[in-house]
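Novice: Knowing the structure of chain Z, use the given hints to seat chain A with the ligands on it.
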Amino acid sequence: MSHPRPDLSVAIGPLRLRNPILLASGTCGYGRELADLVDIGALGGIVLKGISLKPRPGNPPPRIVETPSGLLNAIGLENVGIDTFIERKLPSLREIDTCIVSNILGESVEEYGELARILDMAGGVHAIEVNISCPNVKAGGFAFGTDPAAAAEVTLAVKESTCLPVIVKLSPNVTDITAIARAVEKAGADALSLVNTLFGMAIDIRRRRPALANVFGGLSGPAIRPVALRMVWQTVRAVGIPVIGIGGIRTAGDAIEFLMAGARAVQIGTISLVNPRASTEIISGIESFMREEGFSRITDMRIDR
Amino acid sequence: MKRLDISAPVLSQQDLGHGILLLAILAPEIAKAALPGQFCMLHAGSPETTDPLLRRPFSIHYADGDTIFFLYRVVGKGTRLIAAMRPGDVIRILGPLGCGFSISAETKNILVGGGLGTAPLFFLARSLPREGTTIMLGAKTSGELARADAFLPHAEKVFLSTDDGSLGQHGLVTELLAGHIQRTLCTGFLPLVSACGPWPMVRAVAHLCHINGIPCQVSLEARMACGTGLCLGCAIPRSGGGYLHVCTDGPVLDAALVDWETSQ
Ligand SMILES: Cc1cc2nc3c(=O)[nH]c(=O)nc-3n(C[C@H](O)[C@H](O)[C@H](O)COP(=O)(O)OP(=O)(O)OC[C@H]3O[C@@H](n4cnc5c(N)ncnc54)[C@H](O)[C@@H]3O)c2cc1C
Ligand SMILES: Cc1cc2nc3c(=O)[nH]c(=O)nc-3n(C[C@H](O)[C@H](O)[C@H](O)COP(=O)(O)O)c2cc1C
Ligand code: FES
Chain Z
1 MSHPRPDLSV
11 AIGPLRLRNP
21 ILLASGTCGY
31 GRELADLVDI
41 GALGGIVLKG
51 ISLKPRPGNP
61 PPRIVETPSG
71 LLNAIGLENV
81 GIDTFIERKL
91 PSLREIDTCI
101 VSNILGESVE
111 EYGELARILD
121 MAGGVHAIEV
131 NISCPNVKAG
141 GFAFGTDPAA
151 AAEVTLAVKE
161 STCLPVIVKL
171 SPNVTDITAI
181 ARAVEKAGAD
191 ALSLVNTLFG
201 MAIDIRRRRP
211 ALANVFGGLS
221 GPAIRPVALR
231 MVWQTVRAVG
241 IPVIGIGGIR
251 TAGDAIEFLM
261 AGARAVQIGT
271 ISLVNPRAST
281 EIISGIESFM
291 REEGFSRITD
301 MRIDR
Chain A
1 MKRLDISAPV
11 LSQQDLGHGI
21 LLLAILAPEI
31 AKAALPGQFC
41 MLHAGSPETT
51 DPLLRRPFSI
61 HYADGDTIFF
71 LYRVVGKGTR
81 LIAAMRPGDV
91 IRILGPLGCG
101 FSISAETKNI
111 LVGGGLGTAP
121 LFFLARSLPR
131 EGTTIMLGAK
141 TSGELARADA
151 FLPHAEKVFL
161 STDDGSLGQH
171 GLVTELLAGH
181 IQRTLCTGFL
191 PLVSACGPWP
201 MVRAVAHLCH
211 INGIPCQVSL
221 EARMACGTGL
231 CLGCAIPRSG
241 GGYLHVCTDG
251 PVLDAALVDW
261 ETSQ
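Line by line, the protein sequences are chains Z and A.
Residues 1 to 305 in the working numbering are what the first sequence spells out, letter by letter.
Residues 1 to 264 in the working numbering are what the second sequence spells out, letter by letter.
Next comes chain Z alone, as it looks inside the complex (with noise of 0.2 Å):
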């Protein structure tokens, strides 16, 4: 039995991506860094990386550590801060023929407004992903991820700044997600990303002392996915903006649990580290599933309950 090409593309509130999968932010650069590695075009979108108001050193070294199938890092959301980053980055983005989503973080609720209102102006990215849940930085970030009212705040003051798409991006460091979720969307956010990493620390037993110098940091790939699924579906059913799944996913069937979970489009972050090609991989085997299974549209595959 041989079925019709499938149609890959999905709308995430008025964007159109190609096919459902984007490179997650602070895993792709600012895009050019691996066009000689991967096929840029050919994916969905990417997210870039997190950007501030001023530039921002980073945390000190180490800033990485292996845990089993899994990362731990605190890069401490290292950028070259919004001027350089539309001065020197963003032009060569616009050769690209993909969705370029950018990915901001604030200090303030007035900071995330006037990153906003930048980006807008600026031209040349398609959306805005908003980080209220980054767990290395100590001012911001985390604060406003963790509380509906603050997360709510930080979605309303971004909104007023744009009339690009806004995606909302939270944390998995929460009891319940769905509150924040519902709280985001109430603030008028197109759509939700999730999840951020995952807080957590590893210890140096020769060193005797934490293995990252901030003690602390997010833990992503293969081993947090379980975690994300369930707050994808559960996200999925408490909302009605389209959500984007993210967490540990390696490959075309991860990939499409997420999707069936009611996800619209899913990111690759932690995997696309460790084999630039994963991205177009997956969405080759998201084709050929859906073919095999019968599946015309992406949105077909989600379960319904």
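Keep in mind that a hint or two might mislead.
[Claimed, not checked] Calculated cross-link-like contacts (lysine to aspartate or glutamate; reagent style EDC-like; alpha-carbon spacing at most 16 Å):
no.: 1; chain 1: A; residue 1: K2; chain 2: Z; residue 2: E107
no.: 2; chain 1: A; residue 1: K2; chain 2: Z; residue 2: E33
no.: 3; chain 1: Z; residue 1: K186; chain 2: Z; residue 2: E160
no.: 4; chain 1: A; residue 1: K2; chain 2: Z; residue 2: D36
no.: 5; chain 1: A; residue 1: K157; chain 2: A; residue 2: E131
no.: 6; chain 1: A; residue 1: K140; chain 2: A; residue 2: E175
Think of the hints as simulated: they come from the structure by calculation, not from any bench.
Specialist: Leaving out everything else, chain A with the ligands in the frame of chain Z:
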């Protein structure tokens, strides 16, 4: 810069004792593009494994024709899996990566290696004229002075040292270097020092060069997730503030760029 990510066959795996091995991989495009001081990310274990999750970085020991060689020590999970690979097995290899040594054939070159710091220096030695090149290698004990013999045809002088005195001079390679620097400076030549080894040794070399006003390049290590500039995990403090990224700014760096005080 062309980086390749390929699956390539292992040609040979030679056990040099003391947990040190020499791995040969058939990877023509990487071998042809490779420059001394660059490195590759090697995938340990089966393609399906997620533990270990990350690839491991290794300096290119040298490239010869279509073959690329790595000199490495078994220290943990990943290197144990790589050591278990046999000729014919296929390994996933990404490279060549990073910035290599600057090669200056006009000056007198001094290459200083500690322990497995010899790994990238061999490729450099092969790329320099024999005349005017001095090589100084040190290790804890004679068995760990891996492939010291291989350097002999590539240098005017080769000096060895061991911490326990089992081979060459009894003591540290930096002590050898201190004496040699004085003698070279007396002849009126300003040499270029290239160093690789454990952090304290490389730092001592950088310091020696700094106080004598000698240019020095160092090959450094850092924990890496990607090796390609994406994760920003491989940071080391830059002198004057901020960070350098070993995988893209290095692994070979001008010693003057590194903040040796705050680092490690
Ligand atoms: C640019 C560069 C070049 C290198 N060249 C060589 C070489 O030519 N020969 C050689 O024997 N070794 C080399 N190393 C070190 C080598 O990468 C580590 O020994 C190896 O990653 C250890 O892996 P493991 O799983 O066996 O050890 P584990 O201890 O199980 O490793 C756990 C984690 O720590 C990291 N790690 C452990 N030790 C080091 C280290 N010294 N540097 C960076 N990361 C480390 C691993 O990558 C891994 O993420 C190099 C490192 C770098 C950064
Ligand atoms: C090295 C690294 C850097 C990251 N930087 C950011 C960032 O700047 N902004 C952000 O929102 N998420 C960041 N993340 C989180 C990822 O985008 C993703 O949410 C998380 O890693 C889970 O997905 P994964 O398991 O596929 O990696 C980072 C993750 C890693 C591993
Ligand atoms: S190892 Fe990822 S940026 Fe250097």
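Novice: Please go over all the hints and tell whether each is borne out by the structure.
Specialist: So, going through the hints one by one against the coordinates:
no., hint, verdict
1, A:K2 - Z:E107, "violated (39 Å)"
2, A:K2 - Z:E33, "holds (12 Å)"
3, Z:K186 - Z:E160, "holds (14 Å)"
4, A:K2 - Z:D36, "holds (7 Å)"
5, A:K157 - A:E131, "holds (9 Å)"
6, A:K140 - A:E175, "holds (14 Å)"
Checked against the numbered hints given earlier, this structure breaks only hint 1.
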